[in-house]
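Based on these hints, arrange chain B on the given structure of chain A.
As given, the protein sequences belong to chains A and B, one line each in that order.
So for the first sequence, my numbering puts the first residue at 1; every next one is plus one.
So for the second sequence, my numbering puts the first residue at 76; every next one is plus one.
To be clear, the hints were calculated from the coordinates, so they are not data collected in a lab.
It is possible that some hints are incorrect.
What the hints assert, rightly or not - Partner residues aside, some chain B positions facing chain A, computed with beta carbon under 10 Å:
id	residue
1	248
2	251
3	266
4	360
5	409
6	440
7	447
What the hints assert, rightly or not - Dumping the calculated SDA-like pairs for lysine to any residue here, alpha-carbon to alpha-carbon at most 25 Å:
id	chain 1	residue 1	chain 2	residue 2
8	B	106	A	34
9	B	164	A	58
10	B	400	A	72
11	B	225	A	30
12	A	29	B	223
13	A	29	B	294
14	B	106	B	169
15	B	339	B	400
16	A	46	B	295
17	A	57	B	460
18	A	29	B	460
19	B	225	A	34
20	B	236	B	168
21	B	164	A	57
22	A	57	B	343
23	A	32	B	210
24	B	368	A	6
25	B	403	A	58
26	B	400	A	49
27	B	106	A	26
Just so it is clear, CB atoms sit at the ideal spot from N, CA and C, and this is done for glycine as well.
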Amino acid sequence: MGKNVIGTVTTLNRVSAILQNRLISEDEKQMKATGFPLTPREMSEKLEELRLEDLGKWNTKKSKAVLHHVLRAPN
Amino acid sequence: MSYLVVAALVTLAAFPSFASSSETQTSPKRKIASVVDLEAEIQLLRKQVENQNLDGAGCTKLFEETYERLWSSSPSDYAPDAASKEVLKAKAPRLIQDLFQTRLLVRQRINQLADKGQATRECTDAARSVLRAGRFLEDVLGQLQLDFPKNDPKNMPPVLKGEAPWLLVNPKFGKFELKTGDVLISRGSAFTSAAIARIADADAQFSHAALIYVDDKTGQVETMEAHIEIGSVVAPLEKYLEDGKTRSVLFRHQDAALAVRAAKLMREEILAYKAKHKDNYPYDFKMEEQNAKEIFCSELIRRAFELASDGKEILPRLTSNVNPKNTKFIERLGVQTGETFLPGDVELEGRFEMIAEWRDYSRMSESHIHDAILVTMYDWMDRYAYQLSTRVGRRSKNKFFGPFAAGRSSRRFSRKSSRRTWART
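Just chain A, with the same shape it has in the complex (with noise of 0.2 Å):
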């Protein structure tokens, strides 16, 4: 297993850690709110309301933003 395989794996699993702590706290509101949880299309909707967000922190103080230093287009 390539060095390639285990470093994007484990990148991986960093984003996707960022991104469901996010989720299950708009879950968890959804879920106090209306009884069910959210939709997948709902879920998509938050996981861009959070790159957005994200995205300005790394646009203005970097060190504030948490996604956007693991996963954004290449400068």
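What follows is chain B alone, placed relative to chain A:
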């Protein structure tokens, strides 16, 4: 006469969506706004799938529109208050069975179209979407029926055991037991499982496949599996069950003798390789179908049936296409683009009968979240040319888990953490 009029009015009141069936069939954006609408939607799909005149173009339209309606509606749309939620909960057992039976019919219809050469890529991809949406809906209804996540799953049945909604069995088979040559496809609980399940152009819900062998004399059940971490192995079924499956579906080839031969030959090949090389048959990271020196999980199934039929039985008939716009991620994993046989393809394979489907409701929310993350991440990669940066030092690690991690996930998913880097897929 008056009885007929009354009966017609009652039917229209009970199933308003049938009131204008032509409108329904041409209104993909019509919302499912009530429990009655949902019931009607499922009945309508079933009725249309049963239509023998359905052709390739009709198939694409039907499944794309049904998917659009199911996907754009949330349970909170059709059960917005406590009363309607109770109605939905009471109807959940029957709706789950209806959806399951409809999914069996979709499989059947797709294969009839494939027989006639009408199962186009668009049609099969749309069918996969409908199967996925149907399964998601069953997940939500099952959670509602069992009162998850509030209800602690202490009495959860093991994989392929229990009753509905945990285990759904094809009525054609009734009680079943594992047989040599059976195929199990499953979904693991790691992020990499979601990455594999969603890697193709048409998303699937499965990340792993295994072949069953039952010893004639002892009755001991073994699985033959290709694992990313260790390559191909023959192991007791208990090992497979320990890995933490979110879903598991059992399939059986229509030719029982061929299936037995396939499992026996594959078992011999894996054991012979191990004896000769003192190591397991290596894992095929490229996911190349024609690579006999290395094997990935579904390729093991393909190879077994190919061996048993002297090359005549080539699986699958309907393949997956891995063709993202941004190939950086899959290149780093070593996966080649193009057509391949993924675990989810077994679901549409007409030469296999679907026997039973089992799911772990305690892992369902986590699985849905993983799916959404990987789908969105792949979308970002395609849309914004995003890449995963692997040049991240350890010093920065806390930063990534800092403000967003804060242990929130560990509280909800603590029992079965998904942060293992190399959890079984």
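Hint by hint, here is what the structure shows:
Annotation: residue 248 of chain B was flagged as interfacial toward chain A, and the flag is violated, the nearest CB pair being 31 Å apart, outside 10 Å. Because the smallest distance between the Cβ of residue 251 of chain B and any Cβ of chain A comes to about 31 Å, over 10 Å, the interface hint for this residue is violated. A distance limit of 10 Å between C-beta atoms decides the matter here; for residue 266 of chain B the minimum to chain A is near 4 Å, and the interface restraint holds. Contact between residue 360 of chain B and chain A, as hinted, is supported at the beta carbon level, the nearest pair being about 7 Å apart and thus within 10 Å.
A hinted interface residue such as residue 409 of chain B counts as satisfied when its beta carbon comes closer than 10 Å to some beta carbon of chain A; here the least separation is about 6 Å, so the hint holds. With 10 Å as the threshold, the beta carbon of residue 440 of chain B comes within range of chain A, its nearest partner Cβ sitting at about 6 Å, so the hint holds. Because the closest C-beta pair between residue 447 of chain B and chain A is about 4 Å apart, less than 10 Å, the hint holds. A threshold of 25 Å between alpha carbons decides the hint, and for residue 106 of chain B with residue 34 of chain A the separation of about 18 Å falls inside it, so the pair holds.
Distance check on the hinted pair: residue 164 of chain B and residue 58 of chain A sit about 45 Å apart at the alpha-carbon level, beyond 25 Å; violated. About 16 Å separates the Cα atoms of residue 400 of chain B and residue 72 of chain A, which keeps this hinted pair within 25 Å; it holds. With a C-alpha separation of about 14 Å, the suggested pairing of residue 225 of chain B with residue 30 of chain A holds against the 25 Å cut-off. For the proposed pair residue 29 of chain A and residue 223 of chain B, the alpha carbon gap of about 15 Å is at most 25 Å, so the pair holds.
Of the supplied pair hints, the one linking residue 29 of chain A and residue 294 of chain B is violated, its CA atoms being roughly 49 Å apart against a limit of 25 Å. Our distance criterion of 25 Å between C-alpha atoms is met by residue 106 of chain B and residue 169 of chain B, whose separation comes to about 22 Å. Pair hint residue 339 of chain B plus residue 400 of chain B does not hold up; C-alpha atoms about 41 Å apart against a cutoff of 25 Å. Proposed proximity of residue 46 of chain A and residue 295 of chain B is contradicted: the alpha carbons are some 47 Å apart, above 25 Å.
For the proposed pair residue 57 of chain A and residue 460 of chain B, the alpha carbon gap of about 19 Å is at most 25 Å, so the pair holds. Only pairs whose Cα atoms come within 25 Å are accepted, and residue 29 of chain A paired with residue 460 of chain B is rejected, the gap being roughly 31 Å. The hinted pair formed by residue 225 of chain B and residue 34 of chain A meets the criterion: a straight-line CA distance of about 14 Å does not exceed 25 Å. For a cut-off of 25 Å, the pair hint linking residue 236 of chain B to residue 168 of chain B stands: about 17 Å separates their Cα positions.
Taking the CA atoms of residue 164 of chain B and residue 57 of chain A, the gap is about 43 Å. The hint is violated against a cut of 25 Å. About 57 Å separates the Cα atoms of residue 57 of chain A and residue 343 of chain B, which puts this hinted pair outside 25 Å; it is violated. With a C-alpha separation of about 24 Å, the suggested pairing of residue 32 of chain A with residue 210 of chain B holds against the 25 Å cut-off. Note on residue 368 of chain B and residue 6 of chain A: the hinted pairing holds, with a Cα-Cα distance of about 22 Å set against a maximum of 25 Å.
Between residue 403 of chain B and residue 58 of chain A the CA atoms are separated by roughly 22 Å; this keeps the pair inside 25 Å, and the hint holds. Between residue 400 of chain B and residue 49 of chain A the CA atoms are separated by roughly 23 Å; this keeps the pair inside 25 Å, and the hint holds. Proximity of residue 106 of chain B to residue 26 of chain A is assessed by CA-CA distance (about 24 Å); at most 25 Å being required, the pair is judged to hold.
Checked against the numbered hints given earlier, the structure breaks hints 1, 2, 9, 13, 15, 16, 18, 21 and 22 and satisfies all the rest.
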